[in-house]
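4 protein chains.
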Amino acid sequence: MTDRIPCAILGASGYIGQHFARLLADHPTFAVAALGATERSEGRLLEEIWQLAEPPPSELEKFRIRRWSPAELSRRGIRLAFSALPSGTARDLESALVRRGISVFSNAADHRMDPSVPLLVPEVNGEHLALLGPPRRGRGILVTNPNCSATGLVLSMAPMMDLLRPKVVHVATYQSLSGAGYPGVPSLAITDNVVPFIQEEEEKLERESGRILGRLRDHRVVASPISFSAHCARVATREGHLEAVTVEAEARPGVSELRTAWRTFDPLARLGLPTAPHPPIEVRDEPDRPQPLRDRWAGRPTRARGMATVVGRIRWVPPFLRFFVLSHNAVRGGAGASVLNAEYALARGWDLTGGA
Amino acid sequence: MTDRIPCAILGASGYIGQHFARLLADHPTFAVAALGATERSEGRLLEEIWQLAEPPPSELEKFRIRRWSPAELSRRGIRLAFSALPSGTARDLESALVRRGISVFSNAADHRMDPSVPLLVPEVNGEHLALLGPPRRGRGILVTNPNCSATGLVLSMAPMMDLLRPKVVHVATYQSLSGAGYPGVPSLAITDNVVPFIQEEEEKLERESGRILGRLRDHRVVASPISFSAHCARVATREGHLEAVTVEAEARPGVSELRTAWRTFDPLARLGLPTAPHPPIEVRDEPDRPQPLRDRWAGRPTRARGMATVVGRIRWVPPFLRFFVLSHNAVRGGAGASVLNAEYALARGWDLTGGA
Amino acid sequence: MTDRIPCAILGASGYIGQHFARLLADHPTFAVAALGATERSEGRLLEEIWQLAEPPPSELEKFRIRRWSPAELSRRGIRLAFSALPSGTARDLESALVRRGISVFSNAADHRMDPSVPLLVPEVNGEHLALLGPPRRGRGILVTNPNCSATGLVLSMAPMMDLLRPKVVHVATYQSLSGAGYPGVPSLAITDNVVPFIQEEEEKLERESGRILGRLRDHRVVASPISFSAHCARVATREGHLEAVTVEAEARPGVSELRTAWRTFDPLARLGLPTAPHPPIEVRDEPDRPQPLRDRWAGRPTRARGMATVVGRIRWVPPFLRFFVLSHNAVRGGAGASVLNAEYALARGWDLTGGA
Amino acid sequence: MTDRIPCAILGASGYIGQHFARLLADHPTFAVAALGATERSEGRLLEEIWQLAEPPPSELEKFRIRRWSPAELSRRGIRLAFSALPSGTARDLESALVRRGISVFSNAADHRMDPSVPLLVPEVNGEHLALLGPPRRGRGILVTNPNCSATGLVLSMAPMMDLLRPKVVHVATYQSLSGAGYPGVPSLAITDNVVPFIQEEEEKLERESGRILGRLRDHRVVASPISFSAHCARVATREGHLEAVTVEAEARPGVSELRTAWRTFDPLARLGLPTAPHPPIEVRDEPDRPQPLRDRWAGRPTRARGMATVVGRIRWVPPFLRFFVLSHNAVRGGAGASVLNAEYALARGWDLTGGA
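Residue numbers (the working numbering), protein chains in the order written: chain A, 521 to 876; chain B, 521 to 876; chain C, 521 to 876; chain D, 521 to 876.
Hints may be right or wrong, so weigh each one.
[Unchecked claim] A short, non-exhaustive set of chain C residues, derived as facing chain D with CB atoms under 10 Å:
(1) I569
(2) L572
(3) A692
(4) P703
(5) P706
(6) A709
In case anyone wonders, no lab produced these hints; they're calculated from the structure. Glycine included, each C-beta is placed from N, C-alpha and C at the ideal position.
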């Protein structure tokens, strides 16, 4: 235990913050040393503000939530923070942390489109980490993970890029309640209903997907030329975002090639990252999968539960490839994404202990 | 009452059959004279097998369900039948009825693609009624209404055809539980879940839409050259099918032209059909509509509740027009569709009393 | 229209406030002249803040919500107000209205236990109106309706009082989401869940039931000696509170007597009140009724939809009478209750126009 | 592995049958050697008929379901069967198995009230095992577990018996969808609804609770003199039966005595049974627990997840003790109950290998 890297969870009282706590409670590399939140939760125990269906991790349930300034965290020797800060708050606070020498792995949207900040899905665009440039003394790094609805999509696209040469990607989402955090969607708004609108979601999905699938050129990301067109809707499921995807493709591969491409995709296979699922994409052959209820916790080994993306109902009538894709919005598309990003950065040689 | 046309409802014990009963209970032109179903429901009162949330119509609640052969119906002087028969049963039974001189307005899929049978949505392809040819003595006519997921789509497309010159229509559906009838979807299969598969639904949606939007040539329907591409999924709403639509268009009209086209569309305006909604398409300007819970009962006047199709979230970034469309699957996409078809046929001069 | 009594709805932006608007929009006796709410909704149209599944009444959808002081209402000539004010706010504001000569019919809890304020369910304790004493010049009257979970219970008990001589009433509730107003219960808190706690609900149910079933003595209500024991829980239904009731009785009537008592109960039969349901209690004989989905809108005539209380599953094994009772929490247990109270007060000779 | 006792699961294709498979897949003492079901599932793999949200156990997912006669099982050397057979089928088939020398631990209702068959909850009435009498050569034993709604109730009552001296127990249930098996409740019957009726459930709850809490006298169970009075209702939760309990008591213990009695109750503490939860009753102090979503999987150690019964909202106003109790209907109230019964019988010296 002595050599686990101490870290802070910021925005710990929210839904994603609690998933961070769940994932980091017994993490082999990172050890939670601080839980930060705003005044509303200040002074409360993690168990008192817990809202997930699963019980709070026993290691952390008596952990007290505090308001932490970057300076205080720094004084405590913390050089690594996971951010589930709300949009708006995240922009300045994350920048301040970085200036204090604290590396931030963030689920917040604020810095995702900053040219020098990697918007990272390690299996898809691990090379974007190069945007960080060389380590700078006394300064942390900032790495973001994408919006929950973009994550599953880009993962499912990654093995298809060369094979299909996609021109247009049409996607319609069936997003879960937890995507809106807690308290989030009022029950009267969604019981026996679908809400075909999520603030700014279509824009995020489209522009973030383009950036993640883009190429590095001269230390910049050139967005993918693929045209993304999204419909985002909320349905009454608890967790797991399902998406109906139609890809208009230039190439004409065979169906079995497509399946093989998905099934053999595992660019992180040899890195030994604790939270990386192997394989990262599971392909279901049943006629009616993936389903949020049954597939949201896909991912092996046990630590990577909820980290696999599940693809199914593959129908290929050129030029249109159609399929459904599912991923757990709060794990693969939230807290787990940033935990994996931190593991990946570490494996790529970044020092997250501030020892540099 | 004396001059209302007597009619039978076949398949009266099912979900669509009950909507037929609801709509026909106090209809100004038609009067229910027989409720038919299979042996399972034989002898029971309508109120005993009632499954809709609304109470059974008082006019019919004590009406007894029987097994009716075409010959018996004919002997009773019935020349008009509404069919909510299950697929499989419908094919032969509907044909037998027609041969007995009974006109059938059917929600069943079996005859929808028959070259000489109109697949009718009066606002969209009223002229397809001409497929019936001239009246034939002693023989009824057979008119079908489309699948519940195709109905809203073609209605929303109809006013766009000349304006947009659509090439491809991508649609992803959020279909309600009642689309599967009763008992239909087990609660354990759908609570906290989405099921991205409905047997044969994508095929029906695609081929029926093409036929309805097709043109008459030499007493045949030439299917529309538009390419339809569908994803169909079941969500946990009770009634109302929501659809996310993306149209790839050749033309480049202005946004206001599009809205005006939808809002002013009302080809049945002057026919005085009791169940026709005016307007048939309602356009919502709020950022988050249409919603199944709030918009499924759209339609004026009162008798046409659930008959209007609701369009919203219109976004036009050429060449892609995106919007959501909603219609009540069991009314506009089911029983109400066939009732309207019968009213329309009557207005177009067809004799449904067998008097010919 | 000229002789409808002008009235204000206070707390109009909330769930009960909207039900008031729905019920009063085309009321034969009352005419909405003002919609009041707090700053958050000030200046907005009723249609803009509308949250019910039903569309807003066309008569009022363009009506603008304002902040109204008692003095302003008074200057406008308003002498009647329906209150859906939140607890806390209601206490002082309702008192101020009364002092200004405005009569208040309130759904708020604040004054329900005041000795001189009737807590009224006209079919049950109409005589409690006498608590008001004689009319006082320049002063309005204040009449409250009970908590939504108490209403159905006391209505179902009323015809049983002499017959059963109840000693103890055990009740367990299955309360709907709308009982908590809007936004109310977060969807993540209740989807796939039951919450066995509603703040202060058991206390209200017990003490209000005792007061309503109490007797007038010396211008005071002496609470019923019945012991009430409640469990209150929230379930994921939209509207309609279901309750499982067990009455420990002293008397031993026959079952048919009990049924007859419920079915023939109609103390308001001759008063001609527009919102009074006839009969006020409907008894269902099916083995599985009442159900929130199917029975919440019980009540005839049309204007009284949602005002009837539905009783079913009657089992009488002395000394325990068991049954289920359902009533619409926002109608019979909310807005409709106060509308009926106003109609009843008017019929009993109270002047609600301030003309006195 | 070599010394795990081979066992059969009968009725393996149903919801409880699948929970048996889940619990026995890697059981330390028992090894699944046969999965039996009717012709409908014959020949299919376990994974093909799987309906639980959790994935099928990898150890058994390729296991093939067959129709097994008692003779065939016997020939295969199987001396232990877990029964999730449907009522009706169970009576004769379980008797036949016993005659063949196969011991049966059954969740079926058919034999629960047989005078010589233990209806067993080991923590509550372990001594009822004595009903079996001495082992009989060539004959298996038959032990049943109670109805899912009775289990949580009797567990919560057990530590209260001497302390409270209960006279009457009133209970109202909030039962989950899985209590009805698969396909079970149609989604249209329960979405936005509560159904206040479950066939024969109140009767089972009442009579089984009386038997379990009864005393052995002369090799017979004399039912408890407590009067049980139940209301059973179905709500739209997936798993976990919640119950509102009111106990009318003769004694007047202090509140802290009651809590201590619940918290220290653990009669199986020293037996080392793999599926026994320690403690068997968890007491929650929060104001709004237990909840099905958050508490159904209570139970430690990991193997005993879903086996603990959770009590909360304890209110003691003599003579009425009120509380809520929750237990997982398919685990503690189903498959887990019989697995625990088998472990208990083994610990009490019964030979389940047929070696006797």
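Hint check:
{"no.": "1", "hint": "I569", "result": "violated (23 Å)"}
{"no.": "2", "hint": "L572", "result": "violated (14 Å)"}
{"no.": "3", "hint": "A692", "result": "holds (3 Å)"}
{"no.": "4", "hint": "P703", "result": "violated (18 Å)"}
{"no.": "5", "hint": "P706", "result": "violated (12 Å)"}
{"no.": "6", "hint": "A709", "result": "holds (9 Å)"}
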